[in-house]
Each structure stands twice: as C-alpha cells, then as structure tokens.
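Trainee: Build the full structure now, drawing on both the sequences and the hints.
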Amino acid sequence: MLRANKLSAFYDRTQVLHEIDLRIEEGEIVGLVGANGAGKSTTLLGIIGINTRTEGEIWLNEERIDGLPAYERVRRAIVLIPERRRLFPFMSVLENLELGAYLPGPRGNRDASLEMVFDLLPVLAERRYQIAGSLSGGEQQMCAIGRALMSRPRLLMLDEPTEGLAPLYVERLFDLIVRLRDDGITILLVEQNVEHVLKVADRGYVLENGRIVLQNSGQALLADPRLKTAYLGL
Amino acid sequence: MSTILQLLVSGIMLGGIYAVMSIGLTLIFGVLKIVNFAHGEFLMLAMYAAWAVVSATGMTTYTAMAVVTPLLFCFGLLVYLLIVRPGIEKPHLVVVFATMGLSIAMQNLALVAMTADLRDVAPLFGGTPIKFGPLYFRVELLLGFLISIAITLALMMFVKRTYIGKAIRATVQDRDAAMLMGINVPRLFLLTFAGGSALVGIAGCIMLPLYSTFPTVGLNFVLIAYVVVVLGGMGSMEGAFLGGICIGIVQSLSGYYVAPAYGQMFYFLIFLLVMIFRPNGLLGQRGAAMVGINE
Ligand SMILES: Nc1ncnc2c1ncn2[C@@H]1O[C@H](COP(=O)(O)OP(=O)(O)OP(=O)(O)O)[C@@H](O)[C@H]1O
Ligand SMILES: [Mg+2]
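Chains as they are written, first to last, in this note's numbering: chain A, 2 to 235; chain B, -8 to 286.
Quick caveat, the hints were computed from the structure, so don't treat them as lab data. Here the structure is a predicted model, which means the values were calculated and not measured. Do not take every clue at face value.
Here are the simulated SDA-like cross-link-like pairs (lysine to any residue), alpha carbons at most 20 Å apart as the crow flies [what the hints assert, rightly or not]: (1) K151/B to F91/A; (2) K151/B to I132/A; (3) K151/B to D112/A; (4) K7/A to G68/A; (5) K151/B to G134/A; (6) K229/A to Q216/A; (7) K81/B to R14/A; (8) K122/B to L133/B; (9) K151/B to R14/A.
Mentor: In structure tokens, the structure reads:
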C-alpha cells in the first residue's frame, strides 16, 4: 500500500534518515522501533510531509506522493497521530473531532463517524464539551485517536500512542489498534515499548541512527538477539 | 453626571471603531504569526479609496464600502503573494522589514499621487448630531459603532460556527496539527491576509467621515491598533473588541478631564498595567503570542 524507496530526511542541512526502504501492505500492522533519536518520528513526518525535507520516493499504491503537500496526502487518507498528541488545546473534544473530519469526504460522513468514535471510545462521548487541553493524558490520547478516526484513514500512523498511559490503558490501546486493523485500517506504529509492539505487529523495522538495521516479522524480531544490540547501541 | 455618561458612551463608540480597525491585524497575527507593519497604510489606502468613490459618485462612505472592501481584499491578496509569502518561512525580521518597507513606499506614493492635502467628505445631515435623552452623538460615530458591532459579531459567529472558521482557530492553536487535519494552511494564510485587509477596508469607510485622510494618516491610528491588539491578547478577536473599547473610553475621559494631548500617555499607561498583570492580554490565551504554539 505504501512504499518508501531510499527515503532520506533532513532538518536544514542535517541528515537524519539515510535512504531507508519501507513497505507497508494493506491490512498490516507494521511496527517501527529504535532508540531515542533514531529517526522514528522523522520517518512518519516525512511520510506525511511536514516539518522535515525529504529526498527519495514515497509511493501510495500506484501514485507517487512525495511531491505533494501534507494536506494532499491527508486527502489520500494517510493520517498521522503525532508525538505528544497535538490536540487543539482551546477547543472542545467535539470540535477537535469535527476538525478530524475537515476534508470534504470525511465531512460527508461526519455524523456516522462521530457515532462510531463515541462507540469505540465512550470516554469521548462523556467529555465531548470539555476543553481538550484540560483532559487527562490518557483522555487526550483517546481524543487524538478519535480525531484521527474521524478522517476515515486507510493508513493510520501512530507515534508513541502509549506515552504516559497507565499499564491498563496500554493494554486497551493495543487491543484497539488490533481491532482497527481488523476493521481494515492499515497501521504503522512507532513505539518505545518494543516487546509490546512487536507482539501485535505483523512485521517490524528496527531503526538505528537513521538507517534500517533489521526487518522481519514481529515474532522473529523479538527472538533476534541483534534487536537488543540495535537498541542499546552496543 | 450627564457629562461623564456622555463621555463614557462616546468613548465606547469610538472604541468600537478602534476595534474594527484592529481586528484585521489581530486576525492576521493569530493565524500567520506575523505583524503587518503596513497596517496603517492599508487604512490610509482604504480611506483614500473611500474618498475617491465618494467624490466620484456622490454616494456615502457607507455605500462606498461595497467597493472599498473588495478592493482592499484584492490589495491584500496582492501584497500577500508579492511581499509576505516570499518571506514567511524566513526569520521573522524578513516580514517585519518587508512590510515596513511597504509602509514607507505607500506613504510616499500617496504623497506623490495625492499631495499632503487633507481630504474629507461632507458630514451626513449637515453635521446635526442625534439626541438621545441628555446625550448627543455624531451620526457618523453612531453608524460607525453599529457597523463595528455588527462586523465583530458576524466575524465571531463565522469563526465559531463555520468549518473555515474552525480551520482558522485550529491553525491559530497549532499550525502543524491543522496541516495534519488536511487543512490547506497556505491557502488559509492567503485568505486570512486578504480577509484581514478587507476588514481594514470597512474600517477606512467608517473612519473617513470622522477623520480626514492624508498620506501619513495611518501612523496616527496604527499605534492605537497595536495597543488594542496586544491589550486584547494577540490573536483574540473578542479581546480586540474589548481592548478597543478600553482605549476609546480612556481617550474620551482623559481628553476631557486632562487634555486631549495626554490621551496617548494614558492608554499607554493602561497598556503597561495590563502587560504587567496580564501579560497575555485581557482575553489572551496563554502562550498564544508565542510563535509555534505548543512547541
Ligand atoms: N525539528 C528538528 N530540527 C532539528 N533536528 C531535529 C528536529 N527534530 C528531530 N531532530 C533530530 O533528528 C533526530 C531524529 O529525531 P526523531 O524525533 O525522528 O527521533 P525518534 O526516533 O522519534 O526519537 P524518540 O524516540 O526520542 O521520539 C534526532 O537526532 C533529533 O535531534
Ligand atoms: Mg519520536
């Protein structure tokens, strides 16, 4: 569904990603793991097209999208839940969700999507009039996920969605992610929590200093001793 | 007693007009995080345009709005595309100096084209004030105030209710997140700059009957506009309205009880106090004036 060929990413002149190749098939959960600063977030930003400058090719099915501005990529149903959630802090939960359905396509389905999201994340229904900035960390994460779902993604990219969540919520979140995949949403998941991701992921990539050093099925990666090496930089 | 009432009410009306003059500036700042240093000259252009339409056709400045507002919208589009956009991703000072340069160029072009003569329009109804009980008002002040209220309310409704309005607020709060929602942020910038300029067009039409226009007329008002915007909380429209009213009242009271020339001193004093006790402005959101909110 999505392929990145020799994707490099830069902040000004500093190169952060070095010609990485990624492949994500329809209906997969793909995990992307690596130490702090390895370039995981940058990879997602490069795919969606904000904040970082990229070189190389990004293909969405048969279309090359690396030249498109971010909003055009979102229009093609690639959606990113960024690091630290980035809700609109002075708007209500409901308005945040509505903005998820900003584009004409999702806007047409807004009411149905809203019902679906409230069904999936009942806490959002309870809190719909609360200002997003005043939600608890976990609730904010739910709101960010809800907002992303409102835009009916085909490829959903999540950047450390379990950040700051209690263990119980982490479990629930992973259940939710699996459920979304089963509903037909393809998932690219970045996580610190390696064991957990690779358990649910169909395939995983390990990133080290902006290069992909390992890739395999989730289970195989977990069993691979090189994983720890990559992680600890030994 | 009726003097003070009269002063308060006139101050509020004047403040409404200041608000309309400032609201475009605050809107542009909120969304684009830039300050248009040619804002005063946009107002000057609007006042000259209104004067030209009135002189050529004999309509009132209020009907001239139908011409001047779209004109300023187009002017805003042009300025954005030619002068602001090339600098928008560059360090802040680029846009500051670019718009400052534009401001000086416009003043001098106006001087060449229109000379330094004052231009004004004949008062409505021969200048007879309207009487409300013990209070008297200039018709133009009352009309200007009513239009200001209508514009501010309409704008607030627009921003609260419509999807474009929500996109504007989203962009104000987190530009990157707005982009992630599929909002065409570059186009929103263009529309906001042009829309903010159109609001200056309205302000010019309201203000021409109250003040005459000349090439540096913008300088007289732009300072007030900056104070109003910062006072209200940069980027906040309700704040700009409140800030405008505050300045209007201060000017009206101090002009009568102290001396008109000291008006500026008083509203800068208020400005200082607000900055000390509420550094984000009266209705400002914490950190909203910071570039790249939430980063
Ligand atoms: N906006 C930026 N400007 C300059 N350098 C940046 C910027 N963002 C990230 N970097 C640098 O790029 C490298 C990769 O950062 P990135 O955020 O992609 O890492 P990450 O793998 O997501 O790390 P973490 O697990 O800590 O989130 C880091 O060295 C970081 O310092
Ligand atoms: Mg990261």
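Trainee: Determine for every hint whether it applies to the structure shown.
Mentor: Results for each hint:
1. Restraint check for K151/B and F91/A: the C-alpha separation of about 12 Å stays at or below 20 Å, so the hint holds.
2. Proximity of K151/B to I132/A is assessed by CA-CA distance (about 14 Å); at most 20 Å being required, the pair is judged to hold.
3. For a cut-off of 20 Å, the pair hint linking K151/B to D112/A stands: about 19 Å separates their Cα positions.
4. Simply put, K7/A and G68/A have alpha-carbon atoms about 15 Å apart, close enough for the 20 Å limit, and the pair holds.
5. As the CA atoms of K151/B and G134/A are separated by approximately 18 Å, the hinted pair is consistent with the 20 Å bound.
6. The suggested pairing of K229/A with Q216/A holds, with an alpha-carbon distance near 14 Å, which does not exceed 20 Å.
7. Between K81/B and R14/A, the direct Cα distance comes to roughly 15 Å. Compliance with the 20 Å bound is thereby established for this hinted pair.
8. Between the alpha carbons of K122/B and L133/B the distance comes to roughly 11 Å, so the proposed pair stays at or under 20 Å and holds.
9. In summary, the hint linking K151/B to R14/A is not supported, as the alpha carbons are separated by about 41 Å, beyond the 20 Å threshold.
Hint 9 from the list above is the single one not met by this structure.
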